Every structure is written in structure tokens, then in C-alpha cells.
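Chemist: Place chain B on chain A using the hints.
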Amino acid sequence: MASESTNTTGTQSKGNGRVIAYVLIALAAVLFGLAYADGYGKLAIAPMDQFKVKPLFGGDTIAWYTPTNVTFWLGMSILSIFALMVMGTRGRAVIPSRGQSMAELAYGFVRKMVEDVAGKDALPYFPFIFTAFLFILSANFLGLIPSSFTTTSHFAVTVVLALTVFISVTVLGFVKNGTAFLSLFWVSSAPLVLRPVLAVIELISYFVRPVSHSVRLAGAMMAGHAVLKVFAGFAGAMGLGGIVPVFGVVAIYGLEVLVSAIQAYVFTILTCVYLKDALHPHH
Amino acid sequence: MADTATQGASGGMPQLDPSSFPNQIFWLVIALVAIYFILSRIALPRIAAVLAERQGALTNDLAAAEELKQRAVEAEAAYNKALADARSEAAKIADETRAAIQADLDKAIARADDEISAKAAESEARIAEIRAGAVRSIEEVAADVAGDIVAAVAPGQKVDAKVLSAAVAARVKG
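Residue numbers (this note's numbering), protein chains in the order written: chain A, 1 to 283; chain B, 284 to 457.
Just chain A, with the same shape it has in the complex:
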């Protein structure tokens, strides 16, 4: 009905029709939630429960080899990357299909980033950086599926990623430049008196890199998902009035989609910056 009226009465009623449709969808979501919520009328919010690591096939103990929900969603990441980058490009067309365009876009985006930020001699490390980018991007996006698990919201995951980058970049710096790599900390453009002070500051900031690198990603993902869960909990507790938090959830969800992409981008570009420092340590 709404769409029929749009053709005859113009944009004003089109906007109204859309708003009405959104309100109806939100109401349906609230009523659906009410039908299943056992905590109706109580403020039962456990925003951190979604981050729990649970064994996939029952049981309580989590050994290092136990398949868990982490395993499942990591597998989903692999599958989605495989679908995009391998199945999407199976046509090998000169004029690409939609899937191939997306794969080429991601390839060109990261490759250009590596080339622009870290220079042409960083291109041999492009597959590693692309791996990190696609993994974080897919994990972030998959984590936005309701009731899924966000692997990148765990410090265990992001710290491994950041430490891998930190250690390999540092080793690469020494292998490529020898002890000249230490000139990264010796700011030769500063006055001689200031240089030892700056060296200490540079050294500290260098070792803080993996911390900020990992905490930024996990923190952004965790905070966003927790806020979503809190708003959803409000919606469950407020009965019919829960329609208001549902709009909040929709808005924050949109923001989270943005954050997911931006965090993957930030992690990747920082990796490129660190790689640049390792390849060209001179200021």
C-alpha cells in the first residue's frame, strides 16, 4: 500500500510510508522478543556473555584443541574469504562479474595502501598484510550477525596478530638494515641535546605499538557489541516501549558496520606504517 501511494502523491508520503514500515518492523521485533523473553519486566542484561568461549559439542573444559565457537567463526571467516577471493574470481574474466569486482577492489585497495604507505619494496609482504586485512574485515563483519561470535573482540586474537606484526617487523628491520635500524630511534633532525631524550621517547612508543595495535581493535569490537547488547536488553525489559531502544540498536548497528570496516583498515595501515619504519628507518 505504501509503495502504491508513493507513485501518486510524491516524496512526502513516500517518507511517511517508510517511517511507518520501520515502526512496524520494530514493533514486530519487540513483540517477537517479548514472546521469547523470560526476563520480561526485569533488567536482565549480560552484555559480556556474547564473548564467552564455549565448546562446540558440549562439555565444560576447554583444552587447546577443543573445537569451540571460536573455531566455528574462524572457520566462517575462512569460508567467506574463500567465497569472495576464490569462488568470486573463478570466472577470471577480463570484464569482471560483481563478485570478481569486489575481490579485485579489495586486492587493489590493500595493494595500493602497501605501495603508497610502505613503498614498492614492501610489496613482497603484501600477501601477509592482505591476509591480516581480510581476516579482520571478515571477522568483524561476521561478528555483526546477531548471536554470532566476534573473534576479533578477544585480546588473545588481536594480541597474536599485533605481536606477529611487531616481531616480524622488528626482525625484518634488523635483517634489512643491521644496526642501522636503531637510527629509527635517533632523531637526527633534532638538536643534539634533545636526541637522547627523544630516543627514550621513541623507544617507549615503539614498544607501546603492539599494545595500542591490539587493544584498539579488540576494544572497538567489544565496546560496540556490548552497547548493542545493552540496548537490546533495554528493549527486552521495557515491553512495548522497547521500540525506542530498537531504533537505538538499528542506529548503533549502522555505526558498527562502519567501525568494523574502519578498524580493519586502521590495523592494516598501521601495519604498513610499521613495515615502512622497518624498511626505511631513517627519518
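In case anyone wonders, no lab produced these hints; they're calculated from the structure.
Keep in mind that this is a model prediction, so the values were computed, not measured.
Take these hints with a grain of salt, some might be off.
[Stated by the list, open to error] One side only, chain B facing chain A, incomplete, derived with CB under 10 Å:
1. L299
2. V312
3. E336
4. V451
5. A453
[Said to hold, decoys possible] Far from chain B by the CB rule (all over 10 Å, computed), these chain A residues:
6. R18
7. G108
8. E115
9. N177
10. P196
11. V211
12. L228
[To be verified] In silico lysine to aspartate or glutamate, DMTMM-like type, Cα no more than 25 Å apart, as pairs:
13. A/K120 - B/E407
14. A/K52 - B/E336
15. A/K229 - B/D300
16. A/K112 - B/E336
The C-beta atom is built at its ideal place from N, Cα and C for all residues, glycine as well.
Modeler: Quick look at chain B alone, frame taken from chain A:
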């Protein structure tokens, strides 16, 4: 409610629970290695090949377009040259024709001039003849008239015709 409270108290942030770290790290490393091999063995070479092929096709097409453009320029130059040649040829032919016509015309005019002068000379000769004839006739008539006048004035006086005509001729010329 109580359940939630106890969970919150016991669990806190699952991110800080070290008991799940080995598990997460193990599966993460497997996933990263898998993604790396999928990308570096299959996806990246394939995309690089496709991009190179596209770049090659673009370069070839651009080169072909450049060649065609070059050929068009050459064709235009040839056309212009042919046009200029034809124009100069036409001018040459026109000049030759004009010269030939001029020569014919000059010849005809010269012949006409000759004929005209010949006719004029002939006419002049005839006019002179006629004038001479007229003078002679006048002299004859004058001699006759003079003879008659002499006969009338002095009858019986015999006048020699030769003398008379000589006198008349002298008078007419005088």
C-alpha cells in the same frame, strides 16, 4: 536476576580469562595459515593474472586506436595532397588552354589586320584612280568649254587643241 549476578561476578570479561587463550591462539594460527595459503596460492596469482591481462588488453586497444588514428591522419594528408595536386593540375590546364586561345586569337587578329590593311590599300588605290579620272575629265571638259568659249568670243580664230589643253591643265593645276 540472581543467575545474571553470579555470572557477572564469576565471569567478568571473558576476554581476560586466560583458560581459553591456548585454544583461541591455536585455532587462530590455523585459520591465519589457511587464509594465507588460500590467498597466496590461489587468489592472489589469479587476480594478478586477471589484472595483468586486463592491463594488456587495455594497452593493446590503446595502441591499436593510436595506430588507427595515425592511419586516419595519413589518409587525410594523402587526401589533401591529392586535392592540391588536382587543383594545380587544373590550374596548369587552364593556363595552357588560355595561352592556346590567346595564340589563336592573336593570329586571327593579325590576319584580320592584314586583310583590313590590304582592303584599305586597295580602296585607296581605287579612290586615287577615281580622283585622277575625275581630274582628267575636268581637264577635258574645261578644254572643251575653253575651246567653245574661244570659238564664241573670236569666231574664225583657229585655236590649236594642244595649246588649249596645255593652258587649261596649267590653269587647273595652278
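Chemist: All hints, please: hold or fail.
Modeler: Status of the hints after comparison with the structure:
no., hint, verdict
1, L299, "holds, 7 Å"
2, V312, "holds, 7 Å"
3, E336, "holds, 6 Å"
4, V451, "violated, 130 Å"
5, A453, "violated, 130 Å"
6, R18, "holds, 37 Å"
7, G108, "violated, 8 Å"
8, E115, "holds, 14 Å"
9, N177, "holds, 26 Å"
10, P196, "holds, 37 Å"
11, V211, "holds, 14 Å"
12, L228, "holds, 16 Å"
13, A/K120 - B/E407, "violated, 113 Å"
14, A/K52 - B/E336, "violated, 47 Å"
15, A/K229 - B/D300, "holds, 20 Å"
16, A/K112 - B/E336, "holds, 19 Å"
When the structure is compared with the earlier hints, violations turn up for hints 4, 5, 7, 13, 14 and for no others.
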